[in-house]
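Trainee: All chains, please: the whole structure from these sequences, using the hints.
Protein chains: 2
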Amino acid sequence: MILKSVSIDCVIFGFDGNSLKVLLSKQNPEAVLKQLSEQEDFNDIKELYDDHPSFVDPKVWNVFGAHIPADKDLDEFARDLLYMATGMNDVFLKQFHCFGNVDRVPNNRVLTIGYYALINPSHYIIRKSIELNDLKWFNLNSLPKLSFDHGQIIKKALEHLRHEVRYQPIGFHLLPDKFTLTEFQTLYEVILDKKMDTRNFRKKIAKMELLIDSNQKQQNVSHRAAKLYQFDEHIYHRLKEEGLKFRIE
Amino acid sequence: MILKSVSIDCVIFGFDGNSLKVLLSKQNPEAVLKQLSEQEDFNDIKELYDDHPSFVDPKVWNVFGAHIPADKDLDEFARDLLYMATGMNDVFLKQFHCFGNVDRVPNNRVLTIGYYALINPSHYIIRKSIELNDLKWFNLNSLPKLSFDHGQIIKKALEHLRHEVRYQPIGFHLLPDKFTLTEFQTLYEVILDKKMDTRNFRKKIAKMELLIDSNQKQQNVSHRAAKLYQFDEHIYHRLKEEGLKFRIE
DNA sequence: TCAAAAGTGTTTTGTCTACACCCATGC
DNA sequence: GCATGGGTGTAGACAAAACACTTTTGA
Numbered sequence: 001m002i003l004k005s006v007s008i009d010c011v012i013f014g015f016d017g018n019s020l021k022v023l024l025s026k027q028n029p030e031a032v033l034k035q036l037s038e039q040e041d042f043n044d045i046k047e048l049y050d051d052h053p054s055f056v057d058p059k060v061w062n063v064f065g066a067h068i069p070a071d072k073d074l075d076e077f078a079r080d081l082l083y084m085a086t087g088m089n090d091v092f093l094k095q096f097h098c099f100g101n102v103d104r105v106p107n108n109r110v111l112t113i114g115y116y117a118l119i120n121p122s123h124y125i126i127r128k129s130i131e132l133n134d135l136k137w138f139n140l141n142s143l144p145k146l147s148f149d150h151g152q153i154i155k156k157a158l159e160h161l162r163h164e165v166r167y168q169p170i171g172f173h174l175l176p177d178k179f180t181l182t183e184f185q186t187l188y189e190v191i192l193d194k195k196m197d198t199r200n201f202r203k204k205i206a207k208m209e210l211l212i213d214s215n216q217k218q219q220n221v222s223h224r225a226a227k228l229y230q231f232d233e234h235i236y237h238r239l240k241e242e243g244l245k246f247r248i249e
Numbered sequence: 001m002i003l004k005s006v007s008i009d010c011v012i013f014g015f016d017g018n019s020l021k022v023l024l025s026k027q028n029p030e031a032v033l034k035q036l037s038e039q040e041d042f043n044d045i046k047e048l049y050d051d052h053p054s055f056v057d058p059k060v061w062n063v064f065g066a067h068i069p070a071d072k073d074l075d076e077f078a079r080d081l082l083y084m085a086t087g088m089n090d091v092f093l094k095q096f097h098c099f100g101n102v103d104r105v106p107n108n109r110v111l112t113i114g115y116y117a118l119i120n121p122s123h124y125i126i127r128k129s130i131e132l133n134d135l136k137w138f139n140l141n142s143l144p145k146l147s148f149d150h151g152q153i154i155k156k157a158l159e160h161l162r163h164e165v166r167y168q169p170i171g172f173h174l175l176p177d178k179f180t181l182t183e184f185q186t187l188y189e190v191i192l193d194k195k196m197d198t199r200n201f202r203k204k205i206a207k208m209e210l211l212i213d214s215n216q217k218q219q220n221v222s223h224r225a226a227k228l229y230q231f232d233e234h235i236y237h238r239l240k241e242e243g244l245k246f247r248i249e
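The listed protein sequences correspond, in order, to chains E and V. Each residue of the first sequence is one higher than the one before, starting from 1 at the first, in the working numbering. Each residue of the second sequence is one higher than the one before, starting from 1 at the first, in the working numbering.
Hints may be right or wrong, so weigh each one.
Just so you know, same-sequence chains aren't split out, so a pair can sit in one copy or run between any two.
Said to hold, decoys possible - The list that follows gives simulated cross-link-like pairs (lysine to aspartate or glutamate, EDC-like), each with its CA atoms no further than 16 angstroms apart:
id, residue 1, residue 2
1, 21, 193
2, 145, 57
3, 195, 183
4, 4, 44
Honestly, the hints are just simulated from the structure, not real lab data. Source: prediction; values computed, not measured.
Mentor: Okay, structure coming up:
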């Protein structure tokens with residue numbers, strides 16, 4: 001049993017070192033319908049898919065989403081979705097907004113609860129399941145044709161990310177375990193869309209005492225190798241209790 | 001037609017000059033059922049009310065909430081709810097979180113989308129409708145017995161308010177049209193639960209150039225009368241375009 | 001004239017900004 | 001030895017924090 005009038009959409013952000021991307025999918029209508037037809041309430045729910053843009057127009061891409069099973073907690077199901085899409089657990093995932101205009105889905109009344117996830121693409125395992133025809137990272141300034149209000153959902157997710165990243169140290173989730181300060185700065189420059197001063201940025205980070213020096217350096221780079229740092233959850237939690245003043249802007 | 005599996009709950013905050021309060025209601029089961037029975041899908045929806053705590057236990061209070069009609073936009077219906085509760089339009093209203101654990105409502109799967117509203121109790125007109133047995137402001141540190149997860153909903157609304165109020169000039173919505181700087185400061189002290197220095201606070205506010213001097217003073221106070229200020233939406237919007245740097249903490 | 005709250009300035013401390021050069025490494 | 005990005009310090013401007021007394025008003 002699923003809830004016909006509520007779905008979850010999960011905007012998956014990734015950072016490849018240069019730009020912020022979003023992971024989108026194309027569904028395979030036959031496979032989706034086949035899978036759904038195994039459910040007892042198939043007759044009830046199939047109408048939800050009749051007019052689905054991505055079943056009608058093969059050019060249309062989607063944010064990962066699905067209707068919520070009646071027996072799944074919201075956050076739990078968002079995690080399941082994310083696992084289906086990326087094969088990853090332990091991902092930063094955050095609910096950001098519920099979209100509920102009457103006309104957001106033609107012919108059906110469906111609210112959708114938006115989550116965004118931050119993942120590091122290098123951890124990411126392609127899990128192109130049978131229900132998906134395609135799965136691809138898109139640059140945020142060159143998005144393809146999208147289903148329903150998925151464009152708005154992505155836009156709003158990005159706004160939330162932009163806000164959140166300034167006050168909470170969540171940017172780390174987009175980076176590899178070990179990263180250089182330049183990568184870290186580039187990430188912030190990309191998300192906040194502004195250039196920052198290297199010296200000032202580093203001073204700020206240093207003062208927070210949020211990173212640990214891994215005592216390693218980059219390998220195989222044709223220039224001076226940069227130190228690799230790690231973000232440590234323990235340090236973060238300790239600082240949080242002491243009233244962490246994290247702010248980058 | 002209503003959506004059986006989704007409701008809205010609207011946490012209404014008010015400030016009386018001394019403390020932050022929340023407006024709660026007690027429902028009148030007979031009147032609610034009578035009103036519902038006029039709807040075509042009554043048989044479908046009455047089960048939603050069978051075990052409602054406030055129908056079973058007369059001591060239980062509620063955040064204002066209702067199931068969403070199929071033909072109402074989410075934000076629009078949140079406004080309707082607020083109007084039903086307070087008789088006010090033009091109220092600051094913000095969606096903050098969707099609560100969706102399986103067990104949040106016993107025997108039914110109901111998600112609820114949380115909104116919070118900021119109102120100035122002096123504008124507030126009691127509209128104790130027939131469906132309500134009682135309607136009352138409660139102090140946040142002495143809440144009564146509440147339905148379902150309404151305690152958590154209020155707590156989370158308060159967290160969001162606390163965050164929001166620091167970066168956006170929304171505190172004004174809790175004050176009368178004309179207010180003194182002391183009232184303004186007290187409001188922030190109450191919401192953020194910390195004492196602030198009067199001189200520094202006033203300097204900060206003055207620098208923002210967000211308030212206009214109404215050229216009026218308090219009347220009938222047994223001490224030096226304070227100047228009354230106004231918050232002006234126009235100024236706010238102009239400053240916002242210029243990149244308003246509002247921060248109080 | 002007293003009580004009660006309004007209103008105001010200065011100093012110190014810390015944070016933010018702007019800015020330019022040397023360092024290490026691979027080719 | 002050169003190209004490439006890594007890494008560092010200082011001075012000036014600005015904002016935040018700490019702190020105490022005078023003013024106005026009504027009773």
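Trainee: Look at each hint and say if it fits the structure.
Mentor: Hint check results:
Only within a single protomer do residue 21 and residue 193 lie at most 16 angstroms apart by alpha-carbon distance; the minimum there is 14 angstroms, versus 40 angstroms between protomers. Taking the shortest Cα distances, residue 145 and residue 57 sit within 16 angstroms of each other inside one copy (10 angstroms), while across copies they are farther apart (52 angstroms). In the homo-oligomer, the alpha carbons of residue 195 and residue 183 lie at most 16 angstroms apart inside one protomer (13 angstroms), although the nearest pairing across protomers, at 40 angstroms, exceeds that limit. With identical chains, the CA atoms of residue 4 and residue 44 are at most 16 angstroms apart both within one copy (8 angstroms) and between copies (15 angstroms).
Going through the hint list in order, the structure satisfies each hint without exception.
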